[in-house]
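Protein chains: 2
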Amino acid sequence: MTEYYEDIALHQRRRLGPHLLTGKEIRDFAGSWDPLPLHTDPGYAESSGQGAVIASGFHLLAICQKLMIEQNPMAVVIGLGLDEVRFLAPGRPGDRLTVEIEAISKRQSRSRPEAGIVSHSLRLFNQNEEVVLSYKGTGMIAKRNRWE
Amino acid sequence: MTEYYEDIALHQRRRLGPHLLTGKEIRDFAGSWDPLPLHTDPGYAESSGQGAVIASGFHLLAICQKLMIEQNPMAVVIGLGLDEVRFLAPGRPGDRLTVEIEAISKRQSRSRPEAGIVSHSLRLFNQNEEVVLSYKGTGMIAKRNRWE
Numbered sequence: 001m002t003e004y005y006e007d008i009a010l011h012q013r014r015r016l017g018p019h020l021l022t023g024k025e026i027r028d029f030a031g032s033w034d035p036l037p038l039h040t041d042p043g044y045a046e047s048s049g050q051g052a053v054i055a056s057g058f059h060l061l062a063i064c065q066k067l068m069i070e071q072n073p074m075a076v077v078i079g080l081g082l083d084e085v086r087f088l089a090p091g092r093p094g095d096r097l098t099v100e101i102e103a104i105s106k107r108q109s110r111s112r113p114e115a116g117i118v119s120h121s122l123r124l125f126n127q128n129e130e131v132v133l134s135y136k137g138t139g140m141i142a143k144r145n146r147w148e
Numbered sequence: 001m002t003e004y005y006e007d008i009a010l011h012q013r014r015r016l017g018p019h020l021l022t023g024k025e026i027r028d029f030a031g032s033w034d035p036l037p038l039h040t041d042p043g044y045a046e047s048s049g050q051g052a053v054i055a056s057g058f059h060l061l062a063i064c065q066k067l068m069i070e071q072n073p074m075a076v077v078i079g080l081g082l083d084e085v086r087f088l089a090p091g092r093p094g095d096r097l098t099v100e101i102e103a104i105s106k107r108q109s110r111s112r113p114e115a116g117i118v119s120h121s122l123r124l125f126n127q128n129e130e131v132v133l134s135y136k137g138t139g140m141i142a143k144r145n146r147w148e
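In the order they appear, the protein sequences are chains A and B.
The working numbering numbers the first residue of the first sequence as 1 and each following residue consecutively.
The working numbering numbers the first residue of the second sequence as 1 and each following residue consecutively.
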């Protein structure tokens with residue numbers, strides 16, 4: 001069920017997923033958007049000591065967004081920004097990725113009475129519970145009762 | 001030509017691009033990674049007052065990365081993070097996007113003698129010279145003379 005501004009409870013953690021990362025998905029995403037050999041070329045990745053291609057950080061961010069839209073839908077008016085994006089461990093073929101999401105702040109929008117500004121902390125984990133990626137995302141979220 | 005750590009000059013601005021944004025590319029990226037109706041559904045986008053679909057912020061980040069890898073290649077060891085990512089204006093079908101990139105800091109890596117840590121400021125512009133997206137990116141960059 002879509003969460004509106006009033007529904008968002010601070011400091012409750014939810015786990016979303018899994019997303020199963022494949023070598024093909026890593027190579028396809030990177031081939032379009034981040035064509036470094038470490039992401040696209042299995043031979044290069046092996047010779048560099050990584051063993052296999054590792055996922056683009058932009059791909060890992062996109063996986064978090066996909067899981068959030070599909071499994072924790074909110075009445076997003078618009079995304080405003082991301083902060084403290086940290087690529088902490090490689091995403092590898094065969095990884096089973098899950099996202100932990102926690103609302104960390106909410107306030108009334110100053111420009112739009114019918115919406116609020118909400119920030120979430122997100123952490124992407126692999127199957128060994130290593131944090132692969134962490135960041136904070138901020139967006140404008142509509143109120144349920146827009147015209148109260 | 002690939003830039004190594006020693007080659008990176010601070011505070012020199014370069015413009016990369018253009019990338020021509022299409023409605024199909026907006027819908028395809030968002031359909032895979034950010035399936036909000038504002039990005040995927042032309043009818044919804046029209047009724048919301050946007051006129052046409054607008055690009056996912058994650059798509060705009062990916063466009064910056066693609067232009068940087070293709071037109072300003074660096075000897076990237078690994079990406080470390082992004083800071084202060086701000087989605088400032090919509091990316092729309094037909095936009096002609098360019099990226100301004102500027103190295104804003106560089107220092108020796110503490111863990112790896114053969115590499116340095118470099119931060120860049122990036123701004124994505126549309127054809128009207130409006131800033132669509134801005135952020136800072138930090139990565140580890142190999143030295144040309146790794147074993148000097």
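It is possible that some hints are incorrect.
[To be verified] Straight line, CA to CA, 30 Å or less: simulated DSS-like cross-link-like pairs of lysine-lysine: (1) B:LYS106 to B:LYS136; (2) B:LYS24 to A:LYS66; (3) B:LYS24 to B:LYS106; (4) B:LYS106 to A:LYS24; (5) B:LYS66 to A:LYS136.
Quick caveat, the hints were computed from the structure, so don't treat them as lab data.
What you are looking at is a predicted structure, and each value in this text was computed from that prediction instead of being measured.
For each hint, the structure was consulted:
1. This hinted pair checks out: LYS106 of chain B and LYS136 of chain B have alpha carbons roughly 13 Å apart, not beyond 30 Å.
2. Between LYS24 of chain B and LYS66 of chain A, the direct Cα distance comes to roughly 19 Å. Compliance with the 30 Å bound is thereby established for this hinted pair.
3. Between LYS24 of chain B and LYS106 of chain B, the direct Cα distance comes to roughly 38 Å. Violation of the 30 Å bound is thereby established for this hinted pair.
4. A distance of roughly 34 Å separates the Cα atoms of LYS106 of chain B and LYS24 of chain A; the hinted pair therefore is violated under the 30 Å criterion.
5. Distance hint between LYS66 of chain B and LYS136 of chain A is fulfilled; the C-alpha atoms sit about 23 Å from each other, no more than 30 Å.
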